[in-house]
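Participant: Given these sequences and hints, build the entire structure.
Listed in order, the protein sequences are those of chains A and B. Each residue of the first sequence is one higher than the one before, counting from 1 in this note's numbering. Each residue of the second sequence is one higher than the one before, counting from 352 in this note's numbering.
Simulated from the structure, these hints should not be mistaken for lab results. Incorrect hints may appear among the rest.
Taking lysine to aspartate or glutamate pairs in the DMTMM-like style, the calculated list, with each CA pair at most 25 angstroms apart, reads [unchecked claim]:
#, chain 1, residue 1, chain 2, residue 2
1, B, K900, A, E302
2, A, K159, A, E296
3, A, K8, B, D928
4, A, K6, B, D892
5, B, K536, B, D725
6, B, K883, A, D25
Simulated restraints, written as ranges between beta carbons of each label pair [said to hold, decoys possible]:
#, chain 1, residue 1, chain 2, residue 2, range
7, A, E335, B, Q880, 51 to 59 angstroms
8, A, K161, B, G788, 19 to 27 angstroms
9, B, R805, A, A225, 57 to 65 angstroms
10, A, K161, B, S781, 35 to 43 angstroms
11, B, S793, A, D232, 30 to 38 angstroms
12, B, E426, A, P338, 56 to 64 angstroms
13, B, S793, A, S29, 20 to 28 angstroms
14, B, Q880, A, D168, 45 to 53 angstroms
15, A, G157, B, N888, 50 to 58 angstroms
16, A, S29, B, D356, 38 to 46 angstroms
17, A, G157, B, A833, 53 to 61 angstroms
18, A, G157, B, Q880, 38 to 46 angstroms
Part of the chain A face toward chain B, derived, beta carbon under 7 angstroms [claimed, not checked]:
#, residue
19, K8
20, H11
21, V219
22, F231
Even for Gly, the Cβ is constructed at its ideal location relative to N, Cα and C.
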Amino acid sequence: MTYLAKPKFHHPALPKNALGFTHRDYEGSVSTLCAGCGHDSITAAVIEACYELSLPPHRIAKLSGIGCSSKTPTYFLGNSHGFNTVHGRMPSVLTGANLANRDLIYLGVSGDGDSASIGFGQFAHAIRRGVNMVYIVENNGVYGLTKGQFSATADRGSKSKRGLTNNDSSIDLVAVAMQLGATFVARSFSGDKGQLVPLIKAAIEHEGAAFLDVLSPCVAFNNHAGSTKSFDYVREHNDAVNRLDFISPRDAIKVDYEPGTTQIVEQHDGSRLALHKLAPDYDVHSRIAAMNYLMERQAAGEVVTGLLYVEPDPEDLHKHLNTVKAPLNTLEAKELSPGSAALEKINASLR
Amino acid sequence: MKLTDIAAPDYFHKVVDCQWACPAHTPVPEYIRLISEGRYDDAYMINWKSNVFPGILGRTCDRPCEPACRRGRVEKDPVAICRLKRVTADYKNDVTGLMPKPAATKNGKRVALVGGGPASLAVARDLAPLGYLCTVFDQDPKAGGMMRSQIPKFRLPDAVIDEECGYILNLGIEFIGGKRIDSLKALLAENYDAIFVGSGAPRGRDLDIPGRAEAAKNIHIGIDWLSSVSFGHVTKIGRRVIVLGGGNTAMDCCRSSRRLGGEDVKVVVRSGFEEMKASPWEKEDAIHEDIPIHNFLVPKEFTHDNGKLTGVVFEKVKAEKDAKGRRNLVPTGEPDQHFPCDDVLVAVGQENSFPWIERDVGIEFDKWDMPVVDPTTMASTNPKVFFGGDSAFGPKNIIWAVAHGHDAALSIHKMLSGENITERPLPQVSVSSQKMGIHEWSYDNDISLDKRFRVPLRDKVVALKDIRAEVELGFDPKLALAEAQRCLNCDVQTVFTGSLCIECDACVDICPMDCIIFTPNAEEADLRQQFKAPAVNLTQDLYVANDLKTGRVMVKDEDVCLHCGLCAERCPTGAWDMQKFLIDMTHAGEGCRSKA
Chain A
1 MTYLAKPKFH HPALPKNALG FTHRDYEGSV STLCAGCGHD SITAAVIEAC
51 YELSLPPHRI AKLSGIGCSS KTPTYFLGNS HGFNTVHGRM PSVLTGANLA
101 NRDLIYLGVS GDGDSASIGF GQFAHAIRRG VNMVYIVENN GVYGLTKGQF
151 SATADRGSKS KRGLTNNDSS IDLVAVAMQL GATFVARSFS GDKGQLVPLI
201 KAAIEHEGAA FLDVLSPCVA FNNHAGSTKS FDYVREHNDA VNRLDFISPR
251 DAIKVDYEPG TTQIVEQHDG SRLALHKLAP DYDVHSRIAA MNYLMERQAA
301 GEVVTGLLYV EPDPEDLHKH LNTVKAPLNT LEAKELSPGS AALEKINASL
351 R
Chain B
352 MKLTDIAAPD YFHKVVDCQW ACPAHTPVPE YIRLISEGRY DDAYMINWKS
402 NVFPGILGRT CDRPCEPACR RGRVEKDPVA ICRLKRVTAD YKNDVTGLMP
452 KPAATKNGKR VALVGGGPAS LAVARDLAPL GYLCTVFDQD PKAGGMMRSQ
502 IPKFRLPDAV IDEECGYILN LGIEFIGGKR IDSLKALLAE NYDAIFVGSG
552 APRGRDLDIP GRAEAAKNIH IGIDWLSSVS FGHVTKIGRR VIVLGGGNTA
602 MDCCRSSRRL GGEDVKVVVR SGFEEMKASP WEKEDAIHED IPIHNFLVPK
652 EFTHDNGKLT GVVFEKVKAE KDAKGRRNLV PTGEPDQHFP CDDVLVAVGQ
702 ENSFPWIERD VGIEFDKWDM PVVDPTTMAS TNPKVFFGGD SAFGPKNIIW
752 AVAHGHDAAL SIHKMLSGEN ITERPLPQVS VSSQKMGIHE WSYDNDISLD
802 KRFRVPLRDK VVALKDIRAE VELGFDPKLA LAEAQRCLNC DVQTVFTGSL
852 CIECDACVDI CPMDCIIFTP NAEEADLRQQ FKAPAVNLTQ DLYVANDLKT
902 GRVMVKDEDV CLHCGLCAER CPTGAWDMQK FLIDMTHAGE GCRSKA
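Facilitator: See below:
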């Protein structure tokens, strides 16, 4: 960590996006996490993704719970809306915010403690309701703020920094999200921005519940031999099923991919995902096959990463509830109080 | 791309752009840090060791360091390095105790130095403490050479010259003023062990156009006129003055004229404003004193009436590129322009002249009638005779004269110790970690966002009344501190140890200038494109290091690194460290001798 703010100077030739912003304009305050924390790399990836998508910062809402991971929204998108909720309660607050104003982009940022322990139920219900959001779990398998106890995502048999073995079964949030109906499920690694940034972009553009599990080594308490969430372990056991290029609706599609190796997935908003297949038979549209593959590789001790499942035509909570199209704060008295004739009509329909 | 050898003394030296650009390689960031600490004496002595005349250069240097300054690539203006040098001279205490002592015993070797300007004085300063008996000859009664005769007093007061020449003359040097050397042959006959020629470029170029002879009374050669002004022989000039020429001498001439009765003073230059040889700040100073600069006008004729100058006729020209892409000045065809005036100062360049060097003393001259001088050893073709300053390669400036002086002194010392003068010693290099704690460094790594501070000036009305009143008042200590804080500490180097790196990307993410990447190694041109802002400044190196677990390399673009140390603060394993790189040029002395 550093006591200095990052100097305001930036490279004089730093590129700008369609809005005229550099990626520096998407930064927040300087991080107070430990030096080398994986979470800081995820922060940088979020900044890069929002910069590349040319998102207006004031159209984004970032919400988090409690924990190292949940501190990170302070470190990115300093000009966006932010909400630090009670521990584990980010999904409910996000759901409420989303229902009130469907026009904002919702980034839910959470950790393995916040989502797999105290907020496990909240996580499950936000996913199964199909809230249109990006739900990022910065997953380090350890309680860093309380000095290194195993979290619920720590693998059985992995060792703590002090040499203790974890005997409990681990929760695989990707498997749970898949089972609960998330329409976009991916896993990535904080040490691989080449994979992570396009996944975040694709998740943001996905109009449904997008879940991203990002392995993020804790350099202070979980980066030792015997850990299954260390830089070395993840690099050695990483089984990436695909590499993703995110193609925004504005970009012309480039078709210089070798046939058979690349699958183009159209998203609802017109953006396209070019998936470069690394596992030849992997089908990102089959929830069942994806879950099978996940279990199989997990049993072999590997960490499956990449875009694991995507529903090209997702539905979200607003559709299920048939809500009004406009944000609630734009509704005037005329819409909210349509008059006695309308009331009569409703009453008649209930008789 | 080849891995970077950071142990090679030049690699990190080049990163310290200012020091690399300085002919005398003054450790600039080191003395600027000492100014911040209020340690003016130490800051002065660091300068004194490298450039011999900190107070003089702090007012007059051509400052090759400033265009090189990294700050100028990060924001608009470089650090005011030159004027900070003056700060060390202005606020130091008595430094006589810190100066070297005259040699207790002489070594019996005699060195003659022709000319008492910066080059000769630098040679004498390096050699005298080693026991050499140095004898300096100058035509003027006091030492200083062109620093005293040609630089106006309102830029460089005599007291500063007296003080800094004094430090040198106090080293047990014999100064023979008022004596012009008229024959090198005769000097050689006096059996000196070595002779150094630092006689400058004393001849101002004339302008041979119609009317020159007829109006001669009111047409003056710039450097001769400045010298007469300096010594008080000239105290007045006409009301309307035209200065011909666009160099620094022209700027000194016009500003001096404004102080000696010139009310309507203008500078007329053949070239465009941008192409003028004068330093930008000297042009600024002239314009500030209400002196207009007219460009693209070629003097054609001096007009006169009854032997009295009445004005100058100019032809209008424009710049055009010829087929080979060279810029030429061609007439526009517009009618000539006549500027009336009372006096003209001709400052169209100066040249060397060696009528006093006989051509049969073993010194070879080239086709431009310049002595053949080795640019490293400063030796002429006569093994006993060395050259330096303007007399070596034509008019340059004081800091080059000093650099030549160091080199010549080193050659003389080696020669008279019976060594090969072409074997040059390496500079002394030290590299040391600046880490004091988790986020504590022995230097101030917080980056100041301040814009360049201006040096306070004396009120114009007052300044123009007295030719001896110094115009620049210098930074006060508060301004000096603020300006010093703008220095990016480029000598505190980012040193990377790949074997410690866990490739967590923390340095990549925190770097404010996006100058670090981790990537598979590739050709340099390819690597340069991989940064968020491509590394297009080819004069700046890429730092490439390996030993990473993934087999990739770390590549750092040195170009706009702020040396803020955030990469090192963010590094969980100490793979990055901030290490101060000090490079000390080896001058004449024990350090320069062959080890064998």
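Participant: Could you run down the list of hints and mark each one as holding or not?
Facilitator: Hint check:
1. For the given pair, K900(B) sits about 19 angstroms from E302(A) by alpha-carbon distance, which is consistent with the 25 angstroms threshold.
2. For the hint pairing K159(A) with E296(A), the CA-to-CA distance comes to about 23 angstroms; that is within 25 angstroms, so the pair holds.
3. With a C-alpha separation of about 22 angstroms, the suggested pair K8(A) and D928(B) falls inside the 25 angstroms cut-off, and the hint holds.
4. Annotation: proposed proximity of K6(A) to D892(B) holds, straight-line Cα distance about 24 angstroms (limit 25 angstroms).
5. Straight-line distance between C-alpha atoms of K536(B) and D725(B) comes to about 21 angstroms, which keeps the hinted pair within the 25 angstroms bound.
6. Between K883(B) and D25(A), the direct Cα distance comes to roughly 14 angstroms. Compliance with the 25 angstroms bound is thereby established for this hinted pair.
7. For E335(A) paired with Q880(B), a C-beta distance near 54 angstroms keeps the hint of 51 to 59 angstroms intact.
8. For K161(A) and G788(B), the Cβ-Cβ distance of about 23 angstroms falls inside the hinted range of 19 to 27 angstroms, so the restraint holds.
9. For R805(B) and A225(A), the Cβ-Cβ distance of about 59 angstroms falls inside the hinted range of 57 to 65 angstroms, so the restraint holds.
10. Between K161(A) and S781(B) the C-beta distance comes to about 39 angstroms, which sits within the given range of 35 to 43 angstroms.
11. Our hint of 30 to 38 angstroms for S793(B) and D232(A) holds, since their Cβ atoms are close to 33 angstroms apart.
12. The hinted range of 56 to 64 angstroms is satisfied by E426(B) and P338(A), whose Cβ atoms lie roughly 59 angstroms apart.
13. Checking the proposed 20 to 28 angstroms range against S793(B) and S29(A) shows it holds: the Cβ atoms sit about 27 angstroms from each other.
14. Between Q880(B) and D168(A), the C-beta spacing of about 48 angstroms keeps the proposed range 45 to 53 angstroms intact.
15. Checked against the hint of 50 to 58 angstroms, the C-beta distance between G157(A) and N888(B) comes to roughly 52 angstroms, which is consistent with it.
16. Distance hint for S29(A) and D356(B): a CB-CB separation of about 39 angstroms, consistent with the stated range 38 to 46 angstroms.
17. Here the CB-CB span from G157(A) to A833(B) is close to 60 angstroms, well matched to the stated 53 to 61 angstroms.
18. Taking 38 to 46 angstroms as the suggested C-beta distance range, the pair G157(A) and Q880(B) conforms, at roughly 44 angstroms.
19. Hint status for K8(A): holds, given a least beta-carbon distance of 6 angstroms to chain B, under 7 angstroms.
20. Annotation: H11(A) was flagged as interfacial toward chain B, and the flag holds, the nearest CB pair being 4 angstroms apart, inside 7 angstroms.
21. For V219(A), the interface hint holds, since its Cβ comes within 7 angstroms of a Cβ in chain B; the closest pair sits about 4 angstroms apart.
22. The restraint placing F231(A) at the interface with chain B holds, with a minimum CB-CB distance near 5 angstroms, inside the 7 angstroms limit.
Consistency with the previously given hints is maintained throughout, with no hint failing.
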